[in-house]
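2 protein chains.
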Amino acid sequence: MTEPIDPTTLTVGVLGGTGAQGKGLALRWAKAGIPVIIGSRAAERAEASAAEYRELTGTDHVRGADNATCAAEADVVLAAVPWESHAETLKGLVEPLRGKILIDCVNPIGFDKKGPYPLPVEEGSVAQQAEQLLPESRVTAAFHNVSAVLLADLDQDEVDCDVLVLGDDREATDVVRALADAIPGVRGVFGGRLRNAYQVECLTANLIAINRRYKVHAGIKITDLG
Amino acid sequence: MTEPIDPTTLTVGVLGGTGAQGKGLALRWAKAGIPVIIGSRAAERAEASAAEYRELTGTDHVRGADNATCAAEADVVLAAVPWESHAETLKGLVEPLRGKILIDCVNPIGFDKKGPYPLPVEEGSVAQQAEQLLPESRVTAAFHNVSAVLLADLDQDEVDCDVLVLGDDREATDVVRALADAIPGVRGVFGGRLRNAYQVECLTANLIAINRRYKVHAGIKITDLG
Numbered sequence: 001m002t003e004p005i006d007p008t009t010l011t012v013g014v015l016g017g018t019g020a021q022g023k024g025l026a027l028r029w030a031k032a033g034i035p036v037i038i039g040s041r042a043a044e045r046a047e048a049s050a051a052e053y054r055e056l057t058g059t060d061h062v063r064g065a066d067n068a069t070c071a072a073e074a075d076v077v078l079a080a081v082p083w084e085s086h087a088e089t090l091k092g093l094v095e096p097l098r099g100k101i102l103i104d105c106v107n108p109i110g111f112d113k114k115g116p117y118p119l120p121v122e123e124g125s126v127a128q129q130a131e132q133l134l135p136e137s138r139v140t141a142a143f144h145n146v147s148a149v150l151l152a153d154l155d156q157d158e159v160d161c162d163v164l165v166l167g168d169d170r171e172a173t174d175v176v177r178a179l180a181d182a183i184p185g186v187r188g189v190f191g192g193r194l195r196n197a198y199q200v201e202c203l204t205a206n207l208i209a210i211n212r213r214y215k216v217h218a219g220i221k222i223t224d225l226g
Numbered sequence: 001m002t003e004p005i006d007p008t009t010l011t012v013g014v015l016g017g018t019g020a021q022g023k024g025l026a027l028r029w030a031k032a033g034i035p036v037i038i039g040s041r042a043a044e045r046a047e048a049s050a051a052e053y054r055e056l057t058g059t060d061h062v063r064g065a066d067n068a069t070c071a072a073e074a075d076v077v078l079a080a081v082p083w084e085s086h087a088e089t090l091k092g093l094v095e096p097l098r099g100k101i102l103i104d105c106v107n108p109i110g111f112d113k114k115g116p117y118p119l120p121v122e123e124g125s126v127a128q129q130a131e132q133l134l135p136e137s138r139v140t141a142a143f144h145n146v147s148a149v150l151l152a153d154l155d156q157d158e159v160d161c162d163v164l165v166l167g168d169d170r171e172a173t174d175v176v177r178a179l180a181d182a183i184p185g186v187r188g189v190f191g192g193r194l195r196n197a198y199q200v201e202c203l204t205a206n207l208i209a210i211n212r213r214y215k216v217h218a219g220i221k222i223t224d225l226g
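Quick mapping for you: the protein sequence lines, in order, are chains A and B. Residue numbering for the first sequence follows the numbering used here, starting at 1 and increasing by one per position. Residue numbering for the second sequence follows the numbering used here, starting at 1 and increasing by one per position.
In isolation and in its complexed conformation, chain A is listed as follows (with noise of 0.2 Å):
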């Protein structure tokens, strides 16, 4: 028998905090009443963002501060800069995040006239190359494919998809699916180790490409789990 996790005891850390998914989820999280460190590479720019999300929730348990100090005050932290920035940005924590479940949510996506394409990723994953740098971290890889814009818009109560969690260590991606499970409407999945990372991280494209074709905001959700 393992104990039911309560997330909101868990302060969750977001790096990249100030861009759209990070803003979305903090949202959500804060609004959860999980405790929320949003971390930038400018700490007044994190604490700017830190005062609209405290005012958008209506909530007091949001503050801002520089990546580092982000990484170091909190229990988990969601990883959620470009994927330009990733590796200059984790290199530079190993030692806050040493030891700590990091959640990867990168998505590893390029742009052009005829829209979103995968990019290669030498280690394999976004997800990996986290592992890579962070060999004492728990590196976990979720919430790629929920939309910013949903989360974003806390209008709408619940936000209808399921999040898919991978990763090699049991009980860090259950507290990630608890994480996941504290937003109303959507439920965490176990996905799969970090090597099946990739496609995952890539299927966001997919998404993009349906939100423009029927003019939505696509997630996803897994048939026959009940």
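Note that these hints are calculated values from the structure, not bench results.
Only part of the chain B face toward chain A is listed, based on derived beta-carbon distances under 7 Å:
#1 D160
#2 C161
#3 G191
Predicted model, so just to flag it, every value in this text is computed and none were measured. Every residue, glycine too, gets a C-beta built ideally from N, C-alpha and C.
Chain A is fixed; fit chain B onto it per the hints.
Structure of chain B alone, referenced to chain A:
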């Protein structure tokens, strides 16, 4: 205004129609009134499977042939061969597939003690390999993520999932979506250009991981599409 597509006016060929995915789709299409030609390397083996499928579906419009005859006589052709024989099979079918819609559903996935994992594909994706080998065919990619087990279980009236249909030829993807819609419970959804096929092909590894963890036959649905 375009005419709605009536899939029962098309004869569908299934290369590798004796395998699990080919069988499941052939059964569902036959049951939906669509004439099906089962292709295999050996015509006798194809005819033996066709006889079984006629029996299972209670229909008479399933027949078997060697792959070349299957490709020549069908209007639309599904490639459901193992990844290992994908290139070799298609190389021999350039002529019979000229001008035709090819639907590629092949998953480039390996297995080891730790489970399923994606295999690299030099051309970017299996579907793009098909496109390179068949420059005068209309290559699409679809039906990667639908459970062969559920397809083949005809006691289940419906297979509740979406099928992502990828391709750069709008009319071809519309035909393939109609072939998806012909299966009760299934919805064909445009999923992007062919260059976005790899992640859809490999997502089946995640679904297999989910099947193992949760003891299900997982598929996917796209949310927010109504």
